[in-house]
Every structure is written in structure tokens, then in C-alpha cells.
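Student: Sequence:
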Amino acid sequence: MAPSPEAVLAERLRALRQSQRLTQAKLARALGGTKGVSVSAISSYENPSDPKVPPASRLRAYALFCAQDHATEAVPQLAREEDLNSSEREKFAALYRELTGLRDAARNKASTPAAGAGLWSFDEGPVTVICPEAPAAYRSPLADEANPNYTRMYRYADVDALIELWGHLRACNPELEDLAHKLPEEAVAPDLTGHLIVLGGIVWNDVAHQLQPFLRDLPIQQVEVDDLLNGEIFSLPDGQEFRPQWGEYERTLEKAPTKEQITAEQTEDVWRDGKRRSLIADVGFLARVPNPLNHTRTLTVCSGIYSRGVVGAVRALTDIAVRERNEAYLASRFPSGSFALLMRVPLLNGGAMSPDLGEPYNRLYEWSPSDEAVV
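Mind the numbering: the sequence shown is residues 1 to 375 in the UniProt record's numbering, read in order.
These are computed hints drawn from the structure, not numbers from a lab. Honestly, I wouldn't trust all of these hints.
[Said to hold, decoys possible] No more than 27 Å apart at the CA atoms, straight line, and that leaves these computed lysine-lysine pairs for DSSO-like:
hint : residue 1 : residue 2
1    : Lys-259   : Lys-275
2    : Lys-91    : Lys-26
3    : Lys-275   : Lys-255
4    : Lys-52    : Lys-26
5    : Lys-91    : Lys-52
Bear in mind the structure is a predicted one, so any value in this text is a computation, not a measurement.
Turn these sequences into a full structure, and let the hints guide you.
Tutor: Dropping the structure here:
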């Protein structure tokens, strides 16, 4: 039986290492530079019985390293491409073409992963999560850099969603080095043109606000309305709106807070006609489309009217209780890999529950480029 494409790539990587007369440990140090590469990663790349396909950036490092002449180096090191001579440059180009060809054969799929088939797994970086920044008035004193106990994460809004997503991204991409989370003002061109994940709505996340006009084909837009001061609803071109669901507040209050207190606590939407109400369900928004700033990479948006909707959109594909069913649903419903989905995010004991997309009641609106939206 002929070896699988994955096994062919694994054997080739092993042969390249052996041609350099290096152990896996020495190659790991050489390829990793200051960040390092684990020996277990090198081993997994070379294991023909159960190989792990390396990211393209790792294969580039293999080709670059093996194109160099290390005869005079006491400790072999990875040089920069611009430091190669003409002969080494030709060898590098040929070897990189060979390895990426083997990798493409092993993966046998498009660079944009299909929805559901590992939505949070990426072939290569950079992968950047842009998280909104909480307004200064609502931050902890520890968000002040002058504070000796300064904690940068206190500057972030939607921290629940970020923590949930960040752990899952790390678990799905253990060898991905250029994975980062940033505030909107910190994003630079390489972040915005790589695989981009945007959390939160258009008011606190300026990247979300600036990207929305680029997504002209996407019928779902997030807009501010006069009757909601603490969140933004979702709307369609035909005027249909998607709003949170409210219920009566069951506990008795001794007295209502003042207008100033309500404003300071950002609870204007909770109070109506002097009565408090309870949020029963938020609206979550999950979309995966080509990045409009670089169509070879992806843009993923996880948003909500309020923060619970953002958490629900993230947890739909991270919560072990529902993620496999939800991934299967997305893979079947949106085989192209591009989609947008509005979902109901129910609340229980104040927390956001993970929407089960197999239940039609939780799917408020669906869209893909290849078909008409389904309500």
C-alpha cells in the first residue's frame, strides 16, 4: 500500500533533518530562534504513522534552514532569507515549493476552513483577536498604568468571551506562534490582514465599526437605536430588527435608583417607566467570511446586543456540551465555509447559556453567499 500524503511529508522532513546530522532537539532549537519549538512538535511532524501536518510558516523555516551551509557553524542557526547567497536562495525556493506541495496534498482542502470543521483551527498565522476596550469610566483602578498593581486585562471589555475563546484557540493551535489578542487601538496592518477575530459590537470596538462598511454583501448589520442606550440591535435591509427579550423583575426593590446612578451603572435599558426588568435572552451574532482586507485569510465576528450575546456566540463553538453538534450543523448548512448567523442566547441565573443550533428556536436568522437567507 502506498504511504499517505501525510506520511510522505513526515518522511521527507525526517530525511531533511538527518541530512543536517541533527537530533530533533537540536533542530527544534535551530528552527525556533528565541521563541523555541518543542521537541514533541518536531517528533509529531516526522511520525509517519500518526503525523501532524506543520503550518506553512514552519515548513518555510525548514526550507530556509536546510538551504543554508552550516559546515562552519558550531551551533547551526536559522538565517534570514535576505542573508542567503544566490545558490542558497535557489535551493530555498525549490525546497519550499516541494514542502508546500506535499503539505497541500496532505491537507487536500482550501486555505479557508469550512464552517464547523474546526472553525477555531488555523493553518498559519497571524491570528489576532480584537477585543473592545472598556470606557475609562467603567474600568477598575487597576487598569491605570500608574497603579503598582496595574493589570492590563482590566482595560478589556467582553473579558468573559475573550477568556473562553482564548483557551480554545490555544488548545486548537498549540504550535501557532503568532496568535495574539489586542485592543482596537493596538491593531496594526499585519494583524488586520491576517486571520482576524473581532469580539463585541460597533461602539466599543472601533475595528468592528470600521470593518462593517466593507462587508457590503452581508445583510446583517449592527446599528444603534434611540430606545437602547447600552447596546446595539441587529437589522436587515428590509427593516427587520432583532432585539433582546425582557421579562419582569421578580424581586421587590425598596426604591428605584436615581437617574444619575442608572447612568453611572450603564443600566438605562434595564429601567422602563421607573420599573426594573430582567434580561431573559440576548441576541448573538456569529459570522465567518473572507477577510475583506485580505481574501486569502478569514474574518470571524462574535458579537451581541449586550455582552451575554458575545459570550453565547463564542460558546456555541467552544462549549463541549454543544460544540460538536453545532459544528456538524454549520458544516452541513454552510459547506462553502462562509456564513452569518443570528442566534438566541438564553440567560439562566444571570449567565449566558450556550445556544444549541440544532434547535430551530435558537436560530433567528441565517445567511450564506450561495443561497437566500432562511428565517
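Student: Each hint: holds or not?
Tutor: Here is how each hint holds up against the structure:
1. Lys-259 with Lys-275: The given pair, whose Cα atoms are some 12 Å apart, holds under the 27 Å limit.
2. Lys-91 with Lys-26: Given that 27 Å is the threshold and the Cα spacing comes to 22 Å, the pair holds.
3. Lys-275 with Lys-255: holds, 10 Å
4. Lys-52 with Lys-26: holds, 19 Å
5. Lys-91 with Lys-52: OK: Lys-91 and Lys-52 at ~25 Å, within 27 Å.
Of the numbered hints given earlier, the model fails none.
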